[in-house]
Amino acid sequence: MRRIAEPRNKLKSTKALQAAVVRFAGDSGDGIQLTGSQFTDTTALFGNDLATCPEYPAEIRAPAGTLPGVSGYQIHFGSKDVLTPGDAVDALIAMNPAALVASLSDLKTNGIVIVNTDSFKERDLRKARLSSNPLDDYTLDRFRVFAVAITTLTRRAVEDLKLDGRIVDRCKNFFALGMCYWLYSRPMEPTLRWIGDKFAENPQLVEANRRALRAGYSYCDATEAFQIQYEVPPARLAPGVYRNVSGNTALSLGLIAASQRSGAPLFLGSYPITPASEILHELARHKNFGVITFQAEDEIGAIGAAIGAAFAGALAVTTTSGPGMALNAESVGLAVMVELPLVICNIQRGGPSTGLPTKTEQADLFQALFGRHGEAPAPVLAASSPGDCFTVAYEASRIALKYMVPVIVLSDGYLARSTGPWRIPELDDLPAIKARYRADPDGFAPYARDPETLARPWAIPGTPGLEHRVGGLEKRDVSGVIDYDPLNHERMVDLRARKVAAIAREIGPVVPKGDGDGDLLIVGWGSTKGAIRAAAQARRAGGRRIGHVHLRYLNPLPPNLADVLIRYKRVLVPELNMGQLAWLLRSRFLVDAIVFGKNQGQPFRQREIEAKIEEALR
Amino acid sequence: MNAPASSYKKEDFETDQDVRWCPGCGDFAILSALQSVFADLGVPREKLVIVSGIGCSSRLPYYVNTYGFHGIHGRAPAIATGVKLANPDLEVWIATGDGDALAIGGNHLIHALRRNIGVKILLFNNRVYSLTKGQSSPTSELGQKTKSAPYGSIDPPFNALALALGAGATFVARSIDAFLPHLKSTLRRAAAHKGAAFVEILQNCLVFNDGAFGRLTDKNARGENLLVLEDGQPLVFGRRHDKGLRLNGLDFEAVVMDGGSADHDVLIHDERRSGEGYAYLLARMSDHADLPTPIGVFRDVQRPCYEDSVRAQIREITKEQGAGDLEKLLRAGSSWEVRE
Ligand code: SF4
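Going down the list, the sequences are from chains Y and C.
Per my numbering, residue 425 is the first one in the first sequence, and the count goes up by one each step.
Per my numbering, residue 516 is the first one in the second sequence, and the count goes up by one each step.
Worth flagging that the hints you see were computed from the coordinates, not collected in a lab.
It should be emphasised that the depicted structure is a prediction, and the values quoted were computed from it without experimental measurement.
Cβ atoms here follow ideal geometry from the backbone N, Cα and C, with glycine treated the same way.
Errors might be hidden in some of the hints.
As the list claims (entries may be wrong) - The calculated label-pair distances, taken between Cβ atoms and stated as ranges, are: (1) Y:797 x C:730: 37 to 45 Å; (2) C:854 x Y:546: 53 to 61 Å; (3) C:846 x Y:613: 14 to 22 Å; (4) C:787 x Y:850: 54 to 62 Å; (5) C:838 x Y:566: 52 to 60 Å; (6) C:748 x Y:485: 54 to 62 Å; (7) C:838 x Y:790: 52 to 60 Å.
Please take these sequences and the hints and turn them into a complete structure.
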């Protein structure tokens, strides 16, 4: 697997790199996502650490060749820790002019640009609203340009198969992929195998795509144009079995794992919404795990059904994004009141309102913490990498079942789609998780509490002798009957708050990465972890004393956070919003946290955070 | 503590909660009917679940000694769907009102009926918002004076049964709080139905809309205004059972049955008639001043119910693919091993 192909042309030189960033860009119809994920799978199998970031056009079928129609896929891979999909691109593969101009600003000086010259005709330029051909003017002067007639060469490679022209042209992405495999010394076998499986029913397509891939590879090998080939040796990842996962896939797997391990059947109530829908799709595929996926009439129906399923004993989940979360608010309050286990996943996107459905943002933290009427506390957890979505989904389920509470999971559009290597956990290493159904009628009261967790019993319909009524009206302590007594209400408000606060005991102290005290503590949450970590590492290498705390638990907060905060001269909080976590830290700990917000629908770049670190330390 | 299901008495379904409806409210009769029907059903008490939304009607679960869930406004069908899907062995009933089911919860109601999920929906229709003290509801009649429409309602009302039929309901019935035996038999029929059962119960709110159904319940008036549906029997009404319904074009018309030829045109009630058209015409009769209002079972047909389809698919896929193996699932796709 680790074999690196020998270049045929011995005149060419090979250069070793620690890391590289490659971006594939073209029309959605060009198979960019597929090309990118093939490159990713191969690179993962090859043993590099990596992070990816796919970018889809907002419209389903944006006009071909136009800027809004550009689909992109970026991968950062290396032989050391790879924490972000990369600020700047080393090699760009642009299948048309729109894709080229959309990516130029991210390209490194002297970076590689491979363009498909066959799609730089007059008509193509017009669609991209270009008045002159970037291949002929000065646009690309700063870069190493490889102008290749990819379409023509692909056609030639499969000529004798006598295939339909449209089918032939759809193979051209494999030609481009072949070129990249050569350029970065990747093996072709995994993709050759994949093509065989994918098109198993059509041997001609197998042959055509394989030929295109090989043709792209040999083209680089044979022509004079490419004189340098790169090698990015495998990374030293911790031992274990790995796979490459997206956040939404990992989250789905975490829920299934929680269900399997706890013994509570998984029930998902959901309504389609970008960027959460893939979780519904993924879970709908796994019916042989007894998973029930219910596509409701709206988000309120989805969470309502989930609450009903929780009442009846399921590990109940609802998945949505900001707008759906807004609709869910009243029902989350109900779940708080009836004290049933429920996992609510908000895959955040740019807001407010319909906002930026396909872009990422972290502006729903306040909504998660406070977006309900009344005193309605709920634990809030945030995932920080694609693989971490598994851990957080599992942990949220564990907390929900143990404490009989609704738990909110925050992910976002960037985590949902980006991928990274994930070390598959050994089942025995997963934390204990258990659905505890009450069966004993003796001494049963619906709101009698476990003295340690303050959880009320889960007495599910079908259990003889435990018939009882729950609902949204205030309950009398212990008996659970309706009660409007002032002191009882105060007591119940307090109990619900204490129950959530007590979870802090279990979550353990935070330990800052980097320096344990010093000039600056960076506090982050969610998907910004990679960019913050990379920036902090770089600035520490530059002599700064910096610590980084990345919060998984946003409610309750880790018990020692206050002590950690005071060990540093300054506290910087980068987040993809106007400063919501900073606001929370300020109000909770009276710390003068510096807000670093970004509201562009895009993740942080490492260099942005580095610049802000320097500014904060000035 | 739990008596065997076969020997239940009505008292077994009472709770120690004080019933908080206004004395004389029609809801008492419905509660009492439901408790008696539950006692007769032979279903173990622990397998019964009542889900409700918000409104006077929705207090009902607190007063019935089964499992109960007093939800939030309009969402009972959603919650009940989750209960039934999670455990299809449960018998799930919904108590809802005209505002709860037809205004704020309209969406959930029509989709529950569309899916034919096996829940029994009891819609207490008093044509007014009562718990919030007297505003117009989606079934308030044109011109009806309420607190929110002091000069009379200008919103055309919903016909609950027509709406249910339009949503594909497989069981549609109507009864009245004042007719206890009829109410009980209607509830029994609903209980026996497999799939979603929709029962509109005309219910008198003596505080905010007293006498709303007087023309149907009043001893002197009801003969002319009420038509009691019985399967296989002609559509006959009138104080002297001397009037019948026949088709005139695509509408019903009332004819006097005098032994003449018109008698033969009078339709025979058929709950299982294919297509919703016939039941729909029956449902719409209450909108016409010159036609009587039918009560009883309008339609009772079979269609796959949702919880069965959901389970069947899971069984089928599991048979095909084998029971899920978590270890395998986590390692699916291309995985690779990093050694020490
Ligand atoms: S307000 Fe009307 S519906 Fe409500 S309890 Fe009183 S009489 Fe019954």
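Evaluated hints:
1. Separation of residue 797 of chain Y from residue 730 of chain C is about 42 Å and conforms to the stated range, judged on CB atoms against 37 to 45 Å.
2. Separated by about 55 Å at the C-beta atoms, residue 854 of chain C and residue 546 of chain Y satisfy the suggested range of 53 to 61 Å.
3. Separation of residue 846 of chain C from residue 613 of chain Y is about 20 Å and conforms to the stated range, judged on CB atoms against 14 to 22 Å.
4. Remark: the range hint 54 to 62 Å for residue 787 of chain C to residue 850 of chain Y is upheld by a beta-carbon distance near 58 Å.
5. At about 58 Å, the CB distance of residue 838 of chain C to residue 566 of chain Y agrees with the hint of 52 to 60 Å.
6. For the pair residue 748 of chain C and residue 485 of chain Y, the supplied restraint of 54 to 62 Å holds, since their beta-carbon distance comes to about 58 Å.
7. Hint check: residue 838 of chain C to residue 790 of chain Y, Cβ distance near 43 Å, so the stated range 52 to 60 Å is violated.
In summary, the one numbered hint that this structure violates is 7.
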